[in-house]
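Asks: This is what each chain is made of:
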Amino acid sequence: MNAADFLDVVNATLRLSTPLILAALAGLYSERSGIVDIGLEGKMLAAAFSAAVIAALTGSAWLGLLGGIAASLVMAMIHGYASISLRGNQVVSGVAINFVASGLTAFFGQAWFGEGGRTPQLPMTARFGEIDFPGAQAVADVPVLGLVYSHFISGHNLLVYFAFLAVPATWWVVQRTRFGLRLRAVGENPAAVDTAGISVAWMRYRALMLTGLLCGVAGTYLSIAQSAAFTRDMTAGQGYIALAALIFAKWKPWPVLWTCLLFGFLDALSIRLQGVVVPGIGAVPVQAIQALPYILTMILLAGFIGKAIPPRAGGMPYVKER
Amino acid sequence: MSSPIPAGPDRKASGDGISAATAEKPKALARPAPDKLPAWADYALLPLINVVAAFVVSGLAVLMVGANPLEAVKIMVFGALGYGEGVGFTLFYTTNFIFAGLAVAVAYHSGLFNIGAEGQAYVGGLGATFVALALDHFLPWYATVPIALVAACVFGAAWAFIPAWLQARRGSHIVITTIMFNFLANALMVWLLVNYFIQPGTMDPASRPFTEGASIPKLGGLFSLFGADLGAAPLNLCIFLALIAAVFVYVLIWRTKLGYEMRTVGLNPTAAVYAGISTSRIIIITMLISGALAGLLALNPVIGDQQRLQLNFVNGAGFVGIAVALMGRNHPVGICLAALLFGMLYQGGAELAFDMPQVSREMILVIQGLVILFAGALEHMFRPGLTRAVNMISTPQRRRMVEAGEASR
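The listed protein sequences correspond, in order, to chains A and B.
Per the numbering used here, residue 200 is the first one in the first sequence, and the count goes up by one each step.
Per the numbering used here, residue 2 is the first one in the second sequence, and the count goes up by one each step.
Note that these hints are calculated values from the structure, not bench results.
All figures in this text were calculated on a predicted structure; none of them were measured in a lab.
Glycine included, each C-beta is placed from N, C-alpha and C at the ideal position.
Where hints are given, some of them may not hold.
Example chain B residues on the side facing chain A (calculated, C-beta under 10 Å, incomplete) [as the list claims (entries may be wrong)]:
1. I148
2. V151
3. P164
4. I323
5. M364
6. Q369
7. A376
Partner residues are not named here, just some residues of chain A that face chain B (Cβ under 8 Å, in silico) [said to hold, decoys possible]:
8. V294
9. A295
10. F298
11. G302
12. M497
13. G502
All chains should be modelled from the sequences, with the hints used to inform the complete structure.
Replies: Structure representation (structure tokens):
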């Protein structure tokens, strides 16, 4: 692998980890508040579709982003209504959302645009384009620092920067604010939060709104930043990978970043190694690399590398004193 | 998630064993409590309302693309039941969904949510294929198929074993692990098909076609005795196997000691421990049975229809099982009926996409998701209102009669 290959893989890693980071942080808010969220995949998919359709109709990437967030929020609120207000089974609700999103996006995509559910190709103006930082071209030849600045830091689209800034922001919100303290408390011991006079349901609804927002950005990124159209089931399991990353990161913001970068790197590598024959090993089975995130998470879940302890009240509907 | 049992919706509400037991058996109460639904409403009316709600919402989606929902229903029903071949396909799909529904339901009775039926069926097909490829030249079908059946069960169960073991011994959540095992099953099968099963000189990642020695008789002949023509429908003997499996599940869950232990673990794991039941043993056994049932599903498409191992032959049937089990209230009779409904949807939906180009097959996925939503996650939405309505209709006088009758028993 030469230097150009290396740059390619690093850039691909950044691109591929972005939706994972956003979705995993989305799941973090939900799960730290005690609401298990299997529906990250569905929310991303709904957002990707909505963003692509609205961007195609209006020609504006920003309206597309709003549309994506709105679709994801609707899904998040359905999940909230089922699991907070009606105290339904959160896992079942998440599964339902994934199917509904997968079905509706393909159904409307096919009915409105034909072409197997693919939305119209977006022009560059209706997408989030790459942003070149000032002076990036000028310093590109400076060894190391200039290279890092011009290749890794500059030249991504806005949502990539948003994702990487969302990590410290989430850390700050969860660990340093009153809201974060209550969020964590409501996921560990909702009865105590209730006793303190704080509404458990409202806390959880607010957490789910943040989940909806971040999943909306993640889905928007997929359809109008990373690619130029929505294609059927374009999330392709990334919502589940993000869920795995969240577990692997033990529900903490900074580890979420490292895990998503690792999983993104594995993805970039598997694309890179397609058909490559490594001396001594032979052709690398791409499926094995693609399965690695799941295998790593399984090993963690088995307790061989640390222990993943979820929020204590996760998955349990809160019932006030009776 | 750290507890061995995923929390059910009423876990907090039913903290002690007594209330959990009464919640499960309304009839065991001395008199019908005012907030309880009578059994007929609980097991027939409520699921019906949930399905109707799912269909109404789907109908709105059909309206939104400018098609007539009632016309769509008419085409679907005719496509599913209107002629012999349609019926044949409907029952073929139904067979898959019965197996998948039973797999999900068995796990559900132990409080486990098995999302992995899809992957277990996929790997089950691998077991069936090994047997078929090894024996189809030497043995007649009636010797090959029973061995393939056992192999499918064993492979499906094996794929369910690791998530079960992780849940039982390590406390990792079965939902997460079975989801991951679906992806792992997919990666494994793609790798095997592309690298090992593929026929030299072809681009199609599939095994070689099986001979007559690994086939399951179609039911076309049987139906023609009654004057029905199944056409090219792949309906085969597996449907009887599915019905046998349904009876087996009924007997297992409600008529055996093991089934009693499974339900106890599902309703109240703490009480089960005090009663001397090993929850980890029950979790593992339950998941093995669930995985085996999912593995059986593979016989129907792999040996009964396509007669070779193909990419993605399960085609979402394992996920349909979730909707089927929820709608059928995890009872074999309900599951068979729900499976029939989804069989009709799948066959009718194919016809619909043909006749109404703007309504694509993905409509079924929407209905499936909405059924899971209404029958599963939103099950408490219609219940309070329905309970009030039912109690208003059944007059106080009738309720007194019921009480008197129960008391004198």
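Asks: All hints are to be evaluated individually against the structure, with a verdict given for each.
Replies: Against the structure, the hints come out as follows:
1. For B:I148, the suggested interface contact is broken, since its CB lies about 29 Å from the closest CB of chain A, more than 10 Å.
2. Given hint, B:V151 at the interface with chain A, is violated; its Cβ is 27 Å from that chain's nearest Cβ, farther than 10 Å.
3. The interface hint given for B:P164 holds, since its Cβ lies 9 Å from the closest Cβ of chain A, which is under the 10 Å cut-off.
4. The closest approach between the C-beta of B:I323 and any C-beta of chain A is roughly 6 Å, which is under the 10 Å cut-off, so the hint is satisfied.
5. Here the hint on B:M364 is kept, as its CB sits about 6 Å from the closest CB of chain A, short of 10 Å.
6. Given the 10 Å rule on beta carbons, the hint for B:Q369 holds: about 5 Å separates it from the nearest Cβ of chain A.
7. Checking B:A376 against chain A: minimum C-beta separation of about 9 Å stays under 10 Å; hint holds.
8. A hinted interface residue such as A:V294 counts as satisfied when its beta carbon comes closer than 8 Å to some beta carbon of chain B; here the least separation is about 6 Å, so the hint holds.
9. Checking A:A295 against chain B by beta carbon gives a least distance of about 4 Å; that is within 8 Å, so the hint holds.
10. With its C-beta approaching chain B no nearer than about 3 Å, A:F298 sits inside the 8 Å limit, and its interface hint holds.
11. Hint on A:G302 holds. Least Cβ distance to chain B is approximately 3 Å, under the 8 Å limit.
12. For A:M497, the interface hint holds, since its Cβ comes within 8 Å of a Cβ in chain B; the closest pair sits about 6 Å apart.
13. With a cut of 8 Å, the hint placing A:G502 at the interface with chain B holds, because the nearest CB-to-CB distance is about 5 Å.
Of the numbered hints stated above, those contradicted by the structure are hints 1 and 2, listed in ascending order.
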